[in-house]
Amino acid sequence: MPRYGMVIDETKCVGCYACRVACQNQNNLVATAAYNFLDEREYGTFPDVQREFQPIQCQHCDTPPCVSVCPTGASYKRADGVVLVNPTDCIGCKYCIAACPYDVRIINEKGFVEKCRFCIEFVEEGGVPACVTTCMTGVRIFGDMDDPESDISRYIAKNRHHLRRFKGTLNTKPRIYYRKA
Amino acid sequence: MDHKQFTISRRSFLKGTAATTVALSMGTLDFRRWALASEQAPVKRVPTLCNGCGNRCAIFAFVKNGRIWRIEGNKEANGNQGVLCPKGHGYLHDLYNPNRVRGPLKRVNGRFEPISWEQAYKEIGQKINTLLLDNSPDTIFWVNFPQPNHAYALRLMHAMRSPHYFTHGSTCYTARNAGWNFTTGKLPSNDLKNARFIMIVGRNPAAGIDLGQVKDIVKAREEGAKLVVVDPRCNETAILADEWLPVKPGTDLALLLAMINVIVEEKLYDADFVEQHTVGFDQLENEIINYPPQWAEKVCDIPAETIARVARQMAGEKPRSLVHCGYHGAFGSQYLNSFQTARAVAILNSLLGNIDRTGGVYFAKSAELGELQPVHPVPEGPLVPKADGTGMPGRYPLGAYGDGISHAIPELALRGKLKCGFVYHNNPLRTNPNPKRVIAGYKKLELLVVIDPFLSETASIAHYVLPAPFYVEADEAVDTNHSGKQAQVTLPQKAVEPVFDTRSGFQIITELGKAMGVGRYFNFTLEEANELRLQPLGVSLAELKAKGVLPVGEVWKQGCGKLNTPSGKVEIYSATLERLGYPPIPRWEAPLVSPDEEDPHSFRLIHGKQANHTHAMTANTSYLMAISHRYDLIRLWINRARAEKLGLDDGDLVQITSLVGKGKIRVRLTEGLHPSCVWLPSGYGIFSKHLTTAYDQGVSYNDFLPTRFDPAVGHAMSSEIIVTLKKA
Amino acid sequence: MTTNEKETFCTFAASLLAPPDQGLLADLEQQGLRSFLTEGVSRWGEKPQLLTTLLGRKGMKRSLSALTKEYQRLFGSYRGKTVSLVESTYKPWAGDKKCGMVFAASKGLVMGDPAVHLLDVYREASLEVPEEFRSTPDHLILELEFLALLYRDGTSEQIQSFITDHLDWIPNLREELALARPKPFYRVTVELIDMFLENEQKDIKDTHGQTTIH
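Residue numbers (the numbering used here), protein chains in the order written: chain A, 1 to 181; chain B, 1001 to 1728; chain C, 2001 to 2214.
Please note: incorrect hints may appear among the correct ones.
As the list claims (entries may be wrong) - Taking lysine-lysine pairs in the DSS-like style, the calculated list, with each CA pair at most 27 Å apart, reads:
#, chain 1, residue 1, chain 2, residue 2
1, C, K2047, A, K110
2, B, K1436, B, K1726
3, A, K180, B, K1193
Hints are computed from structural coordinates only; laboratory data are not their basis. Predicted model only: the values in this text are computed from it and were never measured.
Bound-form chain A, shown alone (with noise of 0.2 Å):
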């Protein structure tokens, strides 16, 4: 079984909300609905400035803290990594909203929780998640973390150093990565 994972490199992203309208096509989201963020930030003072955007989306934590304040049992991590909400059981009580340190989830017209769920079907059937084909800098780098032969394993074992998990003293250990600059 494969255990997915992504790494984000942040030090590509220019910031083109490709990733968000993307995701838009795959998740047949309305207009104001969206399943990742993008959080900008300067650092330095004129003239040495730098930007940055960090993309934002379900961080698919092993130890989700959503999960745990389910009341139904809705929010669930699979076997695969991916932390999904069914919403059959979903009540749309929030605490999951209120729960995730990474502002993440958004409650939808029909009542219920959502958020990136790494595109697990069209992935199952032997797709890539949108926001990872349609970025121009190739931010993304999606894959089974388990397999030594992956894109992202192979990326994992070369930038290792490089690599911080978000928010990662809240311990929630995300399987998204982030390489900063």
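Please build the complex by placing chains B and C on the supplied structure of chain A, with the hints as guidance.
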């Protein structure tokens, strides 16, 4: 008789042959059953071109049940290499927007009324004939953002014997083109992928998206190339860069002259190349001593040692080292000194010996399409040159005659030189400087016909609006936009039937020709014309229809040959310019206007693109506008220290005023902007009430830009704007 | 109402939603129409007074130009924000999860699933969609006309299915219309259609209930 007896006079719209609803099967009538069955319908794949911006990326449109179903990038195309940008994904939303122009319209007493195509053509033709009784043929004009079928628009104007075919170029790129043309004979492309050192001045391909260029920059960076971005704003391409040089806006020329100074003084140039392929290096040596980095530092605010270091780095990697050829930003049509800036970029590249060399700038292979003659006669053409004076000594001799000076149209209309115009895929009321003046000019026209899918600002004041199709709804002329190391031809193709009563641009142009009495020049079908134009390229239309993109001709090989200049060489010194009375060697020239350094409220207003919008064209697309709102992108950027002096906080509303306009907009405080300017994203400020998503959101730099013409090229000088800012 | 009367009601309602003309104004003067509607409205448990705004007081002259102006303001084209009479615009564009267009879930667009469905339905019933409705085969006028045809020679199953699938958005139309602050004429027109359909829904449920008891 029943007391409830009455009649209904209106006949029903639904027309049936007989009482047949009984024959309806529940399998069809029941929505759920139908929906399940329709999910099994086959999906057709049609190669075509996106038209979300001028790059016209090659795409595959997938069609199911007659509707657009999915879009994918075509990997074969040089320009986009298989990927799509947010506009490629989002802009098609408007294909099914009920606010599109649904059929031809005529303005009657200030309101639009539907009219048939045939009647519209008839009235337009008749009106033109009447106008031509009292006016010369050159009072007719056509202006468009270049489209695959612009060749037919030009043909139409020439058939009418008018010289007045215009592009939007004078508000976009004519200074850049002129600078290169007078130096290397032609505008080259950038071999970014193979470069070891890249400097980009003003251009921002990560937000004024050029997918292929960004992919190539990333590839080059992975191979260890250095990237330096020169821009008053820490732009989105700068995020990928090793270094951002926050040049004072309008002074890029000083920076470039100083870099040339270092390379010449320290003999870092490619001496063999200079010897063999350039003229005027001696004169350059004499002039360039005036511009040491210490001088430039005072002008452009980049430290002298940085200038010298970057120049050395650049020269150290020659010839796989380049300064990006540019587009709109910095020297496309921005400043009084833009022409000389473009010349300096061209000269700096040639000193690196990189002209037509791998990793440098190269003359892209582009497909030379065939002609329609001798099968179809060439129109006799105009009797007089363009009234705007492009290419004429004493007026705008360095301007591009082919593009014309389209922002002069309102002036020419006000002076009665133009009486009747066609606007196609262009919205001058919003994208030309000084809208009040533009509106006055276009309203003076006795006949204005706008061809557009929407009631844009310009369409809103037209006498007739002919509804243009969305790109996936029409077959159009063959296109050559994807040039590169090998030429490519591409084909815009119809994927779905037109949602509304629209006709292809090609069809409209040829039908207008017939209505205007010059049908003899338009006796061909699109099919025939496309075949004739492909003939010399050795590819068939059938093959192009199947693949969408086809490589043609030889693959580029490096090596600088004879250039298309009078000397056949890079003209560092230009005898032509000297003859015309312009500096034959670039020399420092200050911008036309500068903010008042004593006044804390005074700024230069500069502008640029955001990745989710194209000109004023995409602002009405809800998916793209939702991004602008969610990320608060409709704001004026201002240097934090300057803002604090004005008591401004992030998000505050300011009153912005120039010589010609005023408006209100919220500010974004940033460290990433030169203190002397404010930066406004382009594409907002829509004032057509028909564009309901975009209406009244933000302002446009054009609101503040006086009508100006660069004295040599005639471009709009669109960053020569001084504004005052006050907390609103 | 008899099936015959329902057919008439739908045809009449469709004619109310077309751009107004002298013919319509003359129609509204008819005593027979007044009696017909009064009876209908009373049967639905509503007060017939609301018809006054639609039909006017006896002998009152209605101005065509004022009505046309109001029609254009509310439903006309090329006037910025107007009220849509098209079913697709009230529903997500495509229900097929495999649709890869970004706007699949968006509302406000034409040629959504309902429109594509109705094109198939009309084709099978040999009905021709006029050119002016090429992108809006699910316009309320056509839907009411089609419903009239179903009352004329369709089965109750067909009627039920059509109302449930394609005329479930009229409450949304009422809301949209209310936002545009309509003059009473078109407010009442849409209210009447809504009442009629609501009663038909009730009838459908009752009939359905009976069939299950059987």
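Evaluated hints:
For the given pair, K2047 (chain C) sits about 36 Å from K110 (chain A) by alpha-carbon distance, which is inconsistent with the 27 Å threshold. Among the hinted pairs, K1436 (chain B) with K1726 (chain B) is consistent with the structure: their alpha-carbon atoms are about 23 Å apart, no more than 27 Å. Of the pairs offered as hints, the one joining K180 (chain A) and K1193 (chain B) holds, with about 24 Å between alpha carbons and a cut-off of 27 Å not exceeded.
Checked against the numbered hints listed earlier, the structure breaks hint 1 alone; every other hint is satisfied.
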